[in-house]
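Could you slot chains B and C onto chain A? The hints should help.
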Amino acid sequence: MTTSVPSINAADRERLRVAYPEVFHRSFLQRYGLLIGSGTVFLYLAICFFAFNVGPAFMQGQWDRASIYIQDWYSWRAQPRLRYEDDGSVRVQWSNRGQYAEGADIFWLQPTQNRGYKVTYGSDANRLDVTPTQVDVYVNGTAYPVTITEDAATAPAGAPSAIVQDGNKVIVHYGFAGQAEIRTSQVYVQRRFLGWANFLFDTRSEFWGKGWGELISLATVGDRLDPARANISHMWGDFLENTVWQHADIFSKLAQTLVMAFVGTLFGTLLAFPFAFIAARNITPNRAANWLMKRSFDFLRSIDMLIWALFFTRSFGPGPIPGIAAIFFTDTGALGKVYAEALENVDDKQREGVKSVGANPVIVNRFGVVPQVLPVFISQSLYFWESNTRSATVIGAVGAGGIGLKLLEAMGTNADWDKVAYMVLLILMVVFLFDAMSNAIRSRLIGGPSH
Amino acid sequence: MTFELRNITRRFGDRVAVNSVNVEIPQGQMVGVIGRSGAGKSTLLRMINRLQEPSSGSMHFGDIEVSSLKGASLRNWQRDCAMIFQQFNLVPRLDVLTNVMLGRLNHRSTVLSLLNIFSDDERLAAIAALERLGIEQTALQRAGTLSGGQQQRVAIARALMQAPKMLLADEPIASLDPLNAKIVMDALRDINEREGITVVTNLHTLDTARSYCERIIGMAHGNVVFDGTPAELTAAAVQEIYGSDRDGAGIDETMTSTSINIPAAQVAAGTQSGGISTLASASA
Amino acid sequence: MATISEQNNRVPGGGLGPAASMVMQHYRQQLRTRRVYTAIAIVVFLFVLGASLNFANDANSGKFFERLPYLFDFIKNFVPDSPMEIFRAMFDLPSPYADGSLKYNYTSDRVYITETLYIPHFLYQLVITINIALVSTIIGAAIAFVLCFFASTNLVGAGATRFVVRRIMEVMRAFPEIVIAGLLTAILSIGPIAAIIAITVHTIGALGKLFFEVVENSDMKPDEGLRAAGASWVERVRFAIVPQVLPNFVSYMLLRAEINVRASTIIGAVGGGGIGEVFRLAIGRDHAAKTYAIIILLLISIVAIDQFSAWLRRRLIGNQSFEFGRGEA
Chain A
1 MTTSVPSINA
11 ADRERLRVAY
21 PEVFHRSFLQ
31 RYGLLIGSGT
41 VFLYLAICFF
51 AFNVGPAFMQ
61 GQWDRASIYI
71 QDWYSWRAQP
81 RLRYEDDGSV
91 RVQWSNRGQY
101 AEGADIFWLQ
111 PTQNRGYKVT
121 YGSDANRLDV
131 TPTQVDVYVN
141 GTAYPVTITE
151 DAATAPAGAP
161 SAIVQDGNKV
171 IVHYGFAGQA
181 EIRTSQVYVQ
191 RRFLGWANFL
201 FDTRSEFWGK
211 GWGELISLAT
221 VGDRLDPARA
231 NISHMWGDFL
241 ENTVWQHADI
251 FSKLAQTLVM
261 AFVGTLFGTL
271 LAFPFAFIAA
281 RNITPNRAAN
291 WLMKRSFDFL
301 RSIDMLIWAL
311 FFTRSFGPGP
321 IPGIAAIFFT
331 DTGALGKVYA
341 EALENVDDKQ
351 REGVKSVGAN
361 PVIVNRFGVV
371 PQVLPVFISQ
381 SLYFWESNTR
391 SATVIGAVGA
401 GGIGLKLLEA
411 MGTNADWDKV
421 AYMVLLILMV
431 VFLFDAMSNA
441 IRSRLIGGPS
451 H
Chain B
1 MTFELRNITR
11 RFGDRVAVNS
21 VNVEIPQGQM
31 VGVIGRSGAG
41 KSTLLRMINR
51 LQEPSSGSMH
61 FGDIEVSSLK
71 GASLRNWQRD
81 CAMIFQQFNL
91 VPRLDVLTNV
101 MLGRLNHRST
111 VLSLLNIFSD
121 DERLAAIAAL
131 ERLGIEQTAL
141 QRAGTLSGGQ
151 QQRVAIARAL
161 MQAPKMLLAD
171 EPIASLDPLN
181 AKIVMDALRD
191 INEREGITVV
201 TNLHTLDTAR
211 SYCERIIGMA
221 HGNVVFDGTP
231 AELTAAAVQE
241 IYGSDRDGAG
251 IDETMTSTSI
261 NIPAAQVAAG
271 TQSGGISTLA
281 SASA
Chain C
1 MATISEQNNR
11 VPGGGLGPAA
21 SMVMQHYRQQ
31 LRTRRVYTAI
41 AIVVFLFVLG
51 ASLNFANDAN
61 SGKFFERLPY
71 LFDFIKNFVP
81 DSPMEIFRAM
91 FDLPSPYADG
101 SLKYNYTSDR
111 VYITETLYIP
121 HFLYQLVITI
131 NIALVSTIIG
141 AAIAFVLCFF
151 ASTNLVGAGA
161 TRFVVRRIME
171 VMRAFPEIVI
181 AGLLTAILSI
191 GPIAAIIAIT
201 VHTIGALGKL
211 FFEVVENSDM
221 KPDEGLRAAG
231 ASWVERVRFA
241 IVPQVLPNFV
251 SYMLLRAEIN
261 VRASTIIGAV
271 GGGGIGEVFR
281 LAIGRDHAAK
291 TYAIIILLLI
301 SIVAIDQFSA
311 WLRRRLIGNQ
321 SFEFGRGEA
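Residue numbers (the numbering used here), protein chains in the order written: chain A, 1 to 451; chain B, 1 to 284; chain C, 1 to 329.
So that you can see chain A by itself, here it is in the shape it has in the complex (with noise of 0.2 Å):
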């Protein structure tokens, strides 16, 4: 089949060019309306890119941390410091973060019969013999001696790119498995495992270190470890008051954080049902009670429910009531308009209906209006739920507390992005069930998946 255009012959041609100018003539804005339009989007973004400096940010930004930051988030780091000591000998110092027990065996880190330390990455063909004097590295099999003075630490001569000569120290990289730097005094060690670490247990608990088969049989049939309770209880105590992840703590914070959204939405919702009748124009046949209260809802909402955290944050310091206040004060307005919107879309002839057999106002609108946008109005009040647990997590962050701030100083140590990951991991789970929760009511109120 061809692809030409079925022919016309010239005469024809003219004709219709003539007859019909509009189809082959079209308007400026119709043949360069959609170019003019990209054309100025594409433009103002350009602008924006210089305006906020997008490239210089990304040129002199620290890729290198990030992808640390990165890895952070689904592994972990033990960072030991490899002293040497005058005597000849090597010791180990832990960081604070305290991923093992003292004492503990640990297979990556063990000592040698010469005083020094033999470190692992993964195999014993990537591996560091630590001695005060000498360091052996060890990439895919070969040694390379690093020789230690008073004043260097040096690497030899034909080393392979995983070993880095900076300056008077070497730096070795083994990958994800971690790296070392060899310092003139000491080697710090930075060696990286899967997962979290002490995750259940920190290193104090009487669980810590022992596998997933021992821990269950221990929490049903095993003896108890403190005749004064349970295993299982005793599990929890210590699973809760874990110092490396606090999860007591932010259980406690996440629930502050649900808290003020839901009763920040709750008393919005209680306060705005009423209101709306006032503002409605069709209920309330009285104007300047409909404007006033509009242009309070108005006021409600178009202030920030920034503007309201903080505020409140100034007045009850922090904690949720201040997110309660903020969440409560900006939805009364939001709902109080959605409210009155609804109302005065009623269906006129059920109220008729209820008023033709001669009830009062107030059953009126109880029997001939609130059936009608009950289900509306609650489930725009979940709508509302689901978004402000989103929002009380950023409310928090600013000053009011909970999951967000705890988020915000877990991020400002630069060090606990998988503490960060974990409370990420707890909001997705969270904000999934709510929606879940909320889908469902809402279906069963109005029947099938509404919108």
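It should be emphasised that the hints constitute simulated quantities derived from the structure, not laboratory data.
Distance condition first, Cα-Cα at most 16 Å in a straight line; then the derived EDC-like pairs of lysine to aspartate or glutamate:
#1 C:Lys221 x B:Glu171
#2 C:Lys209 x A:Asp435
#3 C:Lys103 x C:Asp286
Frame of chain A, contents of chains B and C only:
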């Protein structure tokens, strides 16, 4: 080139919608497919265009096995075998001219199409097609604002733009009033006679089939129960296609009729169809 | 006559036929169960509410009733020296109360364009905040636009593509914005880019969901028509789906722009820059005049943006309440 259906069957779960149909249609025929609703007429047509896949059997157009085409060659077949629908299936928010030019989609570069850039030649062809169907004055209106009859003619114009070898019409006049029905059927006959394009149309009215089609295929419960000329369609054959009502009496042909007996309407229709023949200028 | 009045006074339900009294009995039983359930629900609800309030009060650093008087004290004491001070703070004019402290120093943050012409500091920050919101809305909507077609059952079926795209959208929607902003701040240092990316990610998720719901509700007849004409998938989406859904898309996008202005203010306060940060500093340092100046600026800009987008939306899709989108935020 001959179009051929060999043992085409379509099942929906347990139900057999089309049961082992064997039909051969030579190029240039005007075929009417009749039967009660649910007899499998629509499914048959949709399978020919490959909007629905046959459960078994094969379709052939000349040397091409249509039923096994995939990807670009399938879309080429769909271009060669234009289809119009009972509900017109236009894009209501686009103007009529663009709707007609959408018939060219398979002929042209996707990038140009996506940017909505059409050439003057295509505009000329589109306006000529609209003119041929007598609705050129609506070219710049939104398709959704037109009446049913006008929309169906836009759909035919779009089909013409595809430069098809075959035109399928799935109940083209079921949603139209008698006058518009006549205009649409006349247009189909005109295309069939002038361009020699094969037309296969589903019809729910017997007299329309009799007066427009040179060949009638009757279907009942998914089976082809009649295949012949209108003259061969006897009362017995009609009874076999449509079954009989509870009293055992045969079906009254006038019950399915939409024929136009109003003199005024006939005059109007006459000028309209006259318009089609005199204004027709685009010839493939 | 006597029988009629007798019947009128009787509550319907007495002296009924066997079938009707059966129905009545069932109805009463149903009513009883419903009342029991309602009562249980109310009790549970009140308990949860009470526990929540108690917990909130305990967890707060200041107790509600103890601190309530301070609220009014705070409001009473938090007044500018004169109403004109607000105006001066807003436009960076020198203050007569200037004593060298930051509180009355309005002029040093001016952003000079030429020697004499300057943009007031707060206005400049407000412009940054609004631009952050606009840029993220545009980029987010563009990406959501592309993604939504792959999440619609009527276009890609119910297979793996739809599943993956939908899950990605859900995670993007629920992922806490401050974490993205915080991570990027740690990498790119403080600036608006972190805020832009954080809000963009959330916008993609939120708009993507609304978009694919619109696409799934669209009429598939035009699509069938184009399929029968041999159009490819992309062409069908472009010509059969996009014209139908575009007005709703634009409307949702405008609504999103409103929400994003608020979001960028808040993210700003957490460290993204812009008016939010300036506001947090002002209220934290008890700079009353500056605080009120920012509140007024924010109020005006939010009302203006709301009104403008409401007007545009009305023009696009008529007088339809679209507040549903707000809840989806």
